[in-house]
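Trainee: As a plain string of letters, each chain reads:
Number of protein chains: 4
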Amino acid sequence: MVELKNSLYNTAAPSTQSIHGDDHLHATSEVSTPISVSTTFAYNKKEITANNYGLDQRYIYSRSGTPILTKVEATLSTLSEGYAVIYGSGLTAAFSVLVEQRPKKIALGSGYFGIKNVIEQYQRLVPNVQVVGLDCSYNDVDIVWLESPINPTGEVRDISSYALRAHAAGALLVVDATLAPPPLSYPFRQGADIVVHSATKFLGGHSDLLAGVVVSRAPKSAESMRVARSVLGTGPGSLDAWLLLRSLRTLSVRVQNQSQTATRLVAFLESHRRLAVVSACHSPSVQELAIGRRITAVRHASLQLSTTHCSFIETQHPNGYAPVFSIRFATKDQALFVARHLQLHTFATSLGSVESLVDWRHGIDSKEDPGLLRISVGLENFDDLANDWSKTLLALDAHEKGSAKL
Amino acid sequence: MVELKNSLYNTAAPSTQSIHGDDHLHATSEVSTPISVSTTFAYNKKEITANNYGLDQRYIYSRSGTPILTKVEATLSTLSEGYAVIYGSGLTAAFSVLVEQRPKKIALGSGYFGIKNVIEQYQRLVPNVQVVGLDCSYNDVDIVWLESPINPTGEVRDISSYALRAHAAGALLVVDATLAPPPLSYPFRQGADIVVHSATKFLGGHSDLLAGVVVSRAPKSAESMRVARSVLGTGPGSLDAWLLLRSLRTLSVRVQNQSQTATRLVAFLESHRRLAVVSACHSPSVQELAIGRRITAVRHASLQLSTTHCSFIETQHPNGYAPVFSIRFATKDQALFVARHLQLHTFATSLGSVESLVDWRHGIDSKEDPGLLRISVGLENFDDLANDWSKTLLALDAHEKGSAKL
Amino acid sequence: MVELKNSLYNTAAPSTQSIHGDDHLHATSEVSTPISVSTTFAYNKKEITANNYGLDQRYIYSRSGTPILTKVEATLSTLSEGYAVIYGSGLTAAFSVLVEQRPKKIALGSGYFGIKNVIEQYQRLVPNVQVVGLDCSYNDVDIVWLESPINPTGEVRDISSYALRAHAAGALLVVDATLAPPPLSYPFRQGADIVVHSATKFLGGHSDLLAGVVVSRAPKSAESMRVARSVLGTGPGSLDAWLLLRSLRTLSVRVQNQSQTATRLVAFLESHRRLAVVSACHSPSVQELAIGRRITAVRHASLQLSTTHCSFIETQHPNGYAPVFSIRFATKDQALFVARHLQLHTFATSLGSVESLVDWRHGIDSKEDPGLLRISVGLENFDDLANDWSKTLLALDAHEKGSAKL
Amino acid sequence: MVELKNSLYNTAAPSTQSIHGDDHLHATSEVSTPISVSTTFAYNKKEITANNYGLDQRYIYSRSGTPILTKVEATLSTLSEGYAVIYGSGLTAAFSVLVEQRPKKIALGSGYFGIKNVIEQYQRLVPNVQVVGLDCSYNDVDIVWLESPINPTGEVRDISSYALRAHAAGALLVVDATLAPPPLSYPFRQGADIVVHSATKFLGGHSDLLAGVVVSRAPKSAESMRVARSVLGTGPGSLDAWLLLRSLRTLSVRVQNQSQTATRLVAFLESHRRLAVVSACHSPSVQELAIGRRITAVRHASLQLSTTHCSFIETQHPNGYAPVFSIRFATKDQALFVARHLQLHTFATSLGSVESLVDWRHGIDSKEDPGLLRISVGLENFDDLANDWSKTLLALDAHEKGSAKL
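Chains as they are written, first to last, in the numbering used here: chain V, 1 to 406; chain D, 1001 to 1406; chain R, 2001 to 2406; chain P, 3001 to 3406.
Misleading hints may appear alongside valid ones.
With the C-beta cut set under 10 Å, the calculated list includes, among others, these residues of chain P facing chain D [what the hints assert, rightly or not]: (1) 3012; (2) 3383; (3) 3384.
Since the hints were derived computationally from the structure, they do not count as laboratory data.
Bear in mind that the values here come from a model prediction, so they are computed numbers and not experimental data.
For glycine and all other residues, C-beta sits at the position ideal for the given N, C-alpha and C.
This is chain V alone, in the form it adopts within the complex:
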């Protein structure tokens, strides 16, 4: 079992870990790591004897590991306070957890529909696997699969309380923290046993790579998963892995900036929504009213905080909330009008990228509210984004008035 982490950086700040967590793995003098593509590695002719076939070499065949995979895993392990194994996508990572743990009963809440599809594939193979709700009894439950923050709302679940319940029932707590990677959240601190991420999202951050991560608290479990990955060939592509390493170098500045902008944008939209609601008393300018008039709800961890007594939210997010929130309109048509009219928010699925994205989740997941849009906030300037929303919401209001007149 190879220890990939360099303990030197365990106490460094996340931004430092992101850049130096793989320093001990540089194989040449190249300061920026080359893009490893080789699928096979020459045996060291000198060391190989009849009794030593070089199987102590770190790399033999790329399905089992490459210099880039090792560097990414070392860096992510340090950053995530656990033992990371990377995969070809977030759902590949999720499936790999199921294959590793072979649960017979899974507790699962609402959230990203993809995990439900993965469990269905798993159920096609393993007979009699039961899925119960997060708030059901955990009797006989093997795995509690918790999403926090929640997709698509950006709200937070209380990891500690689920950890207590899961552990009391002898179940593992898996936390999908895709919407808030380090340094935004650290689920092991609240008792998670396994953390999964779609690295395609914030860890990758540029909409140009597909990868997933499983982080185990225990190094042994990570090693066992790495063996299965080696057999099934479920690691990421060479360029995907290299781009992920490149992306990790800027992780902290990206996600902290996105988190701050998102939280400001949520406050901006929510204040306009409220303004419209209470406008009779305050009589603000007509335009100010029109901006918020069609919004029926804004949801995000920052609003959760302000309306309920939820100290766990702050605890779970020492460096900011997820840069993802949701906004609701009365109708599907209104939601789609907004998605189509925003200029600085690309109308496409996915989240976590440098460019702001708006997605109408009902289109992909019919269980979602047809009036809801999921917003993933990018690295654009707050004023520019707020302005984009103002113009779009005013256009919606004008359009609705026009329609009403007809």
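Based on these hints, arrange chains D, R and P on the given structure of chain V.
Mentor: Below, chains D, R and P without anything else, positioned relative to chain V:
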């Protein structure tokens, strides 16, 4: 269900198919396809109405497909006379066939050990899966998994006869044709139902990409596998897929050249082995004798042909045999001596690449003969390779004599 | 002449420009731009008649332009408030300015030695080219080549005053602003005619791409340079250009963070240097003294500001100073001791990357002070970097004391 | 001065040289070379003393060299029987020869127009540079710039005789052998002093990389050019260089196959042209006549050979003629009709790629015959290409007859 193949090229020669099989999929004027990396695709704002959310778009999220994947699959479908789906590795492809077919009983012969590991992973999930030998009764067998040509010997199995037996028993015949991609072999012509390849090998051909392919005779099965791949995220990486497309352009010239050189090299080695055996009668030069003296066997489809009445071998290989053969020595030490001394054959695992490779399979798979080396012949010149063997085998002979004296 | 800029974003914030400056150039629905590699582009068969050979097509041959080059240039044009042309390296860009302008007399100050080598190559071709100092008379000078901020000190020159003098003499003012790209500085606002950057540094920002930029105030000059680039083939590589586009997406957060950390680090080191100087009066702890004792000077724009009346410095740097500074020791041995002992500052040449770099400039440019180190501050956490300096400077002090005793 | 070549392979066959010419430069156990992207290289901390700053390290900054550039140059040096330096494009390579040699008088024949543009750029810098024809007196000529084979005809010039004349006049003979790289031609064997290639063409071979090569007979000249390249930043991009290395692995099989197919296609077209001319006597089928009826000329080295006594052609081309030929029609309209109707020949500029290309050179270079098409033959099957021509030429004939009736 999208038909990826351009029927225009169904009757073209393989070299033409390799280059033009994806002509109809060019999205811009770029003659060489760009490396698609985007994980998400913008919805067409004009076409999207409340009732048409763009789900008729070909690309939405890269886990489900990308322009490169489509081009590779179109080209491979045309080349392989079936419907191709690509995966992150050859073993990922194999596992996906199992997940799709969910067999309860599998008939499997000797050959590449990786498939056994995959079946073990499958058995961890699906209870009571039985594995029987290729020559056992096919009673209740769901899948006959046939490797031809066989790894590591390069010899051939009679696909037609296995197809007859499999189909008589109601089983599917899966053929792993990794060692002989088109234009070397076309297993559907002998009755295969599914063909799998490790595209990392000859299809990729440069030791720099990891990918696998499943080719189905039926388009429906391919489409169903593509859906599962989309859920499980088991497709290849972006650069791997692009490099595979680039590699396909030269497939025919590469593998036909490699096949010819391999067949000549096999003849060269076998003639020297025989010469040493019969030397008493012919008294050739001492050096000529020394070259072949330590070889105990050479195995390859071309030698199969010459010694038995096997017309199926020629039929299955209209354009040449696998560029892979095996050579056996009396001891592990002799085999490793040879592997270490060859200059133009890189001592590393894998096969199918532009550079010749020598692998001591016993090191990876303890069931293999410790005296056996697997040779994958590259694009080097025949004379240079033969010379490399002569020098190495002479050195081995000298070394053995020296050892004997001590 | 193609106008690449999208005027929509002229008034947006730099972070928004970095992400959306090329929105109008998306050719497919891919949200993240594919890596264009094609060297040739198919003619549109429908539009081509005998009289219209498709030469109105944007792309014909990649030496003349590619979709990626266009996107990078559009984004950089918007960001830089001019018309950008990109090249294979910063020095290629500099040489291209000389070829375009064909100066007979150049005024040049101290700074990066590379430009001197470029001028030498130019002088090998063009006879009788004179080079005079920045502070000499500009009589007959064609080009004033000004570096600001200055390499390696990180200090600033007063662009406006040089612009006045240059223009009064009929000369062009070229500003090499490599150490402070947008949003840190905007030399056109102070009267520059042409701005050049080594995009390998902060614009690229990850030590993994080689490129240069010339930004002209006039679109005509940019177009003329693009024609010469097309003839001489001096554009950047395909991956270099694509990585540059990816890097621009994070430009603002990267360089503003690096600028802030650098300014804090400069203050930290300078305060320790002063503390040691004035220690007799203040009697701080021995260790505090030891940190700054061996530093003979720290130089950076932020210190320039505090010691002289230089309002131009603030004006030229609305969003922060260069993330590059220099530190001087008494001897070459001391400087090299520090360069070798720093852990979080990679001892390698270059600057502008995510990882902090330390370079001993005398090794490359013998005119530089042998006691001087150039520091390029990366995205690591300030405390971690300050701690790295403290440990290293204490080790230096201990080492010097040990040496003194011997 | 670093000797890059491994003399071990000087006597190997070209296909072996292509694959093993850089074996001695593998830096890690990776069998397929990683894509080097680092722009800077860490100094070896142990070796660096105050007197040894690591300047003996092979790599310091990527503008001066990278592991990939070195490998490409080592392989090309061995293949080309000289000392290779690579550049960002073929014209960059040509310009670099001029900068290195600073000729005052150049002898230049007809051929690729790009070199004329490069000389114009050179003339803008160096005063009074004269250009004379290839057949003029070489009095005072510094450089004889010879293209062989000639673009666009694919015909050959007698290198030996030009070498004699050039050397008698004290001039250097530069041969642009882009249309016939090794193993098709070896201009040093006929007395060339410098060989240049656009590596974008056959050396690259896939229309996906831009690069150029200068090969010097003298290692000193190569080293001097490498220094200038380092100053001017005119090397190729990182991916371009890596793809070139990948392409070299298949060089021999690609170009020999293309050469054979081209020579057969030329024979096919020429025989149909002649058939039409002499049809009165032989009365072939009407369709057979119609194929060749509109062709006014076919030009290629293979036809040169058959009509004149030119033993130099065979001597210069031990392994085949250029895979490029030209075909002429009576009018511009006819030529464009053909270019538009060919299915397996992509209508785009450039040459040397895996896909067949057809270009109407008059569109780019108005000095070319408007009825001429340049054909670059790819790796498609001969019968498929011949069939493509038959259908297109029959369509042309039908179209012309239809037009005639109107």
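Trainee: All hints are to be evaluated individually against the structure, with a verdict given for each.
Mentor: To see whether the hints hold, each was checked on the structure:
no.: 1; hint: 3012; result: holds (5 Å)
no.: 2; hint: 3383; result: holds (7 Å)
no.: 3; hint: 3384; result: holds (4 Å)
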